[in-house]
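The primary structure of each chain is shown beneath.
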Amino acid sequence: MSDGLLGVVVAHGALALALVQEAERISGVPGVLRAVSNEGGGREEIERRIADAVAAEPSVVFVDMPCGSCFFAAMHIARQTAGMRVVTGVNLPMLLDFLNNRTLPPDEVAARAAVKGTDAIRKP
Amino acid sequence: MPIVLYRVDDRLVHGQVVIGWGKPLNLGFIVLLDDTVYGSDWERDLYRMGTPPEIELRFSDLAEAARQHAAWRAEPANGLVLTADVATMAAFRQAAPPVERINLGGIHHKPGRTPRLPYVYLSEEEYRALDALQQAGTVVTAQDLPTTRPVALEALR
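In order, the protein sequences belong to chains W and L. Numbering-wise, the working numbering comes out as the position in the first sequence, counting from 1, plus 628. Numbering-wise, the working numbering comes out as the position in the second sequence, counting from 1, plus 1154.
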């Protein structure tokens, strides 16, 4: 993408689509995030879905949990894909930061997103 | 304690295994029986990264599993043996009996497989292999989580 990185959200069930829709609704930035569900897929199928969504573009792939089928599949695809980074524990603040900074280099965008996502977890 | 679950799940280590089953079974260790993972330092590191620290993740190929099975069964901690496919579990059962029960936890669509449950697709060859195991005394059921009802192999015909 000429105007910045692609974002792909990979999560259990309908979670990825919900996060993408709400991130777009809040930010007003459509078409940058893609959603991938692990629903009904084995390892190879989830990897195929991620590879299709990333389409070999420079990207950050946001995964819901730091373990499990979504995480392992994303890491396998990242190993084969230059310019793809993985961040776990996806949440809305993380995605919003990504949407606002996606013209930065992939490592920097991924690191920022991880910090923003972590910072959003508080106990007021 | 014996190995408390022998599971076939093509997603290998994931939430249903480490949380869904891991907590109620009080798992102390998981044996990941998979030649590809066993032979790759990168794969081993990846799966270690994705396993909660309270569960020890061990890696094995078939020969190592056959050697270690009796020792695993004699350990004080509860263990789970995990394979990605029916063929590996069947080979393990043949190489290192006894395996009293096999749990089909997630076998997803591939060419040649037909749906038996939303989370279990089997080819005819896989069904016959499981049926042969059952004829040999191993009870085979499908059950994704401990809170769902086990489904007998015959119902997957």
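Keep in mind that the hints were calculated from the coordinates and are not lab data. Virtual Cβ for every residue (Gly too), placed ideally from N, Cα, C. Treat each hint with caution, since some may be false.
Said to hold, decoys possible - Residues from chain W shown here face chain L by an in silico Cβ test under 7 Å; the list is partial:
id, residue
1, Gly669
2, Gly670
3, Cys695
4, Ser697
5, Phe699
6, Met703
7, Ala706
8, Arg740
What the hints assert, rightly or not - Chain L stretches covered by chain W per the calculated footprint, using a threshold of three residues with CB under 8 Å from any CB of chain W:
id, segment
9, 1161–1173
10, 1196–1207
11, 1261–1270
Hint check:
1. Because the beta carbon of W/Gly669 sits about 6 Å from the nearest beta carbon in chain L, less than 7 Å, this interface hint is met.
2. At its closest, the beta carbon of W/Gly670 sits 3 Å from a beta carbon of chain L; the interface hint therefore holds under the 7 Å criterion.
3. Restraint check, W/Cys695 versus chain L: the minimum CB separation of about 3 Å is within 7 Å; hint holds.
4. At a threshold of 7 Å, the smallest CB-CB gap from W/Ser697 to chain L is about 4 Å, leaving the interface hint in force.
5. Because the smallest distance between the Cβ of W/Phe699 and any Cβ of chain L comes to about 6 Å, under 7 Å, the interface hint for this residue holds.
6. Hint status for W/Met703 relative to chain L: holds, with the closest Cβ pair at about 6 Å, below 7 Å.
7. For W/Ala706, the suggested interface contact is broken, since its CB lies about 10 Å from the closest CB of chain L, more than 7 Å.
8. For W/Arg740, the interface hint is violated, the least distance from its beta-carbon to any beta-carbon of chain L being 22 Å, above 7 Å.
9. With 7 residues having a Cβ less than 8 Å from any Cβ of chain W, the segment 1161–1173 of chain L passes the three-residue criterion, so the hint holds.
10. With 7 residues having a Cβ less than 8 Å from any Cβ of chain W, the segment 1196–1207 of chain L passes the three-residue criterion, so the hint holds.
11. Using a Cβ-Cβ cut-off of 8 Å, 4 residues of the segment 1261–1270 of chain L lie near chain W, which meets the minimum of three, so the contact claim holds.
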